[in-house]
Each structure stands twice: as C-alpha cells, then as structure tokens.
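Peer 1: Next come the chains, spelled out residue by residue.
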Amino acid sequence: GDSVTQTEGLVTLTKGLPVMLNCTYQTTYSPFLFWYVQHLNEAPKLLLKSSTDNKRTEHQGFYATLHKSSSSFHLQKSSVQLSDSALYFCASGPNYNVLYFGSGTKLTVEP
Amino acid sequence: DMKVTQMPRYLIKRMGENVLLECGQDMSHETMYWYRQDPGLGLQLIYISYDVDSNSEGDIPKGYRVSRKKREHFSLILDSAKTNQTSVYFCASRRDSTEVFFGKGTRLTVV
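Those protein sequences? They're chains A and B, same order as listed.
Under the working numbering, the first residue of the first sequence is numbered 524, with each subsequent residue one higher.
Under the working numbering, the first residue of the second sequence is numbered 8, with each subsequent residue one higher.
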C-alpha cells in the first residue's frame, strides 16, 4: 500500500547549522508531495508542496526537490534558526484529496 | 482569514461515555477530514467527507463515526469511548487543488 517514511524521529542541531530531514514514499501513482510543519500546540501548516520531478521548491528558507527516481522529497535548510524548532511531517497523495503522512520528525534547534 | 475551528480544545471523558468533537470551517470547502495524532505514528486518517452526507472511511475508522449535515460542519463521534482513543484529534478541510487547512486540534483523554 501507499506509505511515507521519515527515518529520523528526533533531530537536534545548533543554530546556524544546515539540516536535512529525510522523506521517502511508496506509491503506485504519480504523487503530490508535501511538507507540513507543526509548532507546539499549533495546527500543522503547509510548508512546501511539489508534483514536478527534479524541480526545487522553496518557502521560508526551506527547500526540497522531488526525485521520482529515488521516491524522495527531503527537506533542507542551509541555516536553522531557533524558531524552526517544530514537528515536521512529510505527506504524499495521489492528488490533494488524500494525504498519507509520515510519522514526523521533531526538530530541536539549540542556541 | 481562512479558519478551521475545533471545539472543545481539551476534553476528559470516562471510558464508556459518548464523545462529540465538533469542527467548523468558514471557507465553504467541500472536503473535510478527521485525523488523530499519536507520538511516533504521525497523522492517521479516520474519515473523509466529500460534502454533506458523503463520507468515507479512512485508514482507522473503527470505533468512530462522523456526521456532516452542513458543509461548514463536520463532527466526529465516539460511541462508548475507550482508553486507546486517548489522542489528539485534528480536523481539516481542503481547498480545490491546493492545500489542506488544519484546526488546532482537540486533546481527548479517556480515563
């Protein structure tokens, strides 16, 4: 069946360092991929989305490239800030209607 | 400002009691969702509603039912709550071909 895998449950980094959060997916269709960010006690909010192979998409300093050849959509940022501390979910769907979420990665940025 | 509103935000119920979680959206979105969020499991889809009285089971519908009598309201009902239904429940709605908007969640504790 369809699934999304996020290999890191917890990531802790010092402010200013780069980060990459892994996301791979398994699907039988041509997918839409998403990254959602959830700050403490807040609703998940869309951070990035893509359905175009090998095209980088960026928002708020974060970026990701959908690679259909490797079924990946890793989230990156060149320099993390304290305010980036949050829970990050990767999600996949055959369209925007149905979303399958990964288990989430908690990013903690330390001073 | 687009909004998905969930009530109540926090709820404590005894095992065997009935639970009603309410969700409203002011965007006239056709599609709405109920998810639950548990540590290490991400967001799991309980039910999807495509419009009034047009509901479909998600991945974990057992123990839950839903009601959508008006487009702007989508309710999740637990008949005879169980302790393993302790979780954070998120309602969401979708705009055509774009993103899913989440509410802030309801933290349900069943004791």
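Don't read these hints as lab results, they were simulated from the structure.
Check the hints yourself; a few may be wrong.
Just so you have them, the derived chain B footprint on chain A, three or more residues with Cβ under 8 Å [unchecked claim]:
1) 564 to 570
2) 622 to 630
Straight-line Cα separation of at most 20 Å, SDA-like style, residue types lysine to any residue; simulated pairs [unchecked claim]:
3) A:629 x B:111
4) A:629 x B:51
5) B:111 x A:633
6) A:568 x B:34
7) A:629 x A:552
8) A:568 x B:93
Listed below are several chain B residues computed to face chain A (Cβ distance under 8 Å; list not exhaustive) [unchecked claim]:
9) 23
10) 50
11) 59
12) 67
13) 68
14) 106
15) 109
16) 112
In this text, a Cβ means the ideal position worked out from N, Cα and C, and glycines have one as well.
Peer 1: Each hint needs a verdict: does it hold in this structure or not?
Peer 2: So, going through the hints one by one against the coordinates:
As drawn, the region 564 to 570 of chain A meets chain B at 6 residues by the rule of a beta-carbon pair under 8 Å; at three or more, the given contact holds. Counting residues of the region 622 to 630 of chain A whose CB falls under 8 Å from any CB of chain B gives 6; the rule of at least 3 is met. For a cut-off of 20 Å, the pair hint linking residue 629 (chain A) to residue 111 (chain B) stands: about 18 Å separates their Cα positions. Restraint check for residue 629 (chain A) and residue 51 (chain B): satisfied, since their Cα atoms lie roughly 17 Å apart, inside the 20 Å limit.
Distance restraint check for residue 111 (chain B) and residue 633 (chain A): the Cα-Cα separation of roughly 26 Å exceeds the 20 Å cut-off, and the hinted pair is therefore not satisfied. Distance hint between residue 568 (chain A) and residue 34 (chain B) is fulfilled; the C-alpha atoms sit about 16 Å from each other, no more than 20 Å. A C-alpha spacing of about 28 Å is found between residue 629 (chain A) and residue 552 (chain A), which places the hinted pair above 20 Å, so the restraint is violated. The suggested pairing of residue 568 (chain A) with residue 93 (chain B) is violated, with an alpha-carbon distance near 23 Å, which exceeds 20 Å.
Violation of the interface hint for residue 23 (chain B) is found here, the shortest Cβ-Cβ separation to chain A being roughly 29 Å, above the 8 Å cut-off. Among the interface hints, the one on residue 50 (chain B) holds; its C-beta lies about 4 Å from the nearest C-beta in chain A, closer than the 8 Å criterion. Hint status for residue 59 (chain B): violated, given a least beta-carbon distance of 17 Å to chain A, over 8 Å. Hint status for residue 67 (chain B) relative to chain A: violated, with the closest Cβ pair at about 12 Å, above 8 Å.
Evaluation of the residue 68 (chain B) hint against chain A yields a violated restraint, the C-beta minimum of about 14 Å exceeding 8 Å. Hint on residue 106 (chain B) holds. Least Cβ distance to chain A is approximately 4 Å, under the 8 Å limit. Satisfaction of the interface hint for residue 109 (chain B) is found here, the shortest Cβ-Cβ separation to chain A being roughly 4 Å, below the 8 Å cut-off. Annotation: residue 112 (chain B) was flagged as interfacial toward chain A, and the flag holds, the nearest CB pair being 7 Å apart, inside 8 Å.
In summary, the numbered hints that this structure violates are 5, 7, 8, 9, 11, 12, 13.
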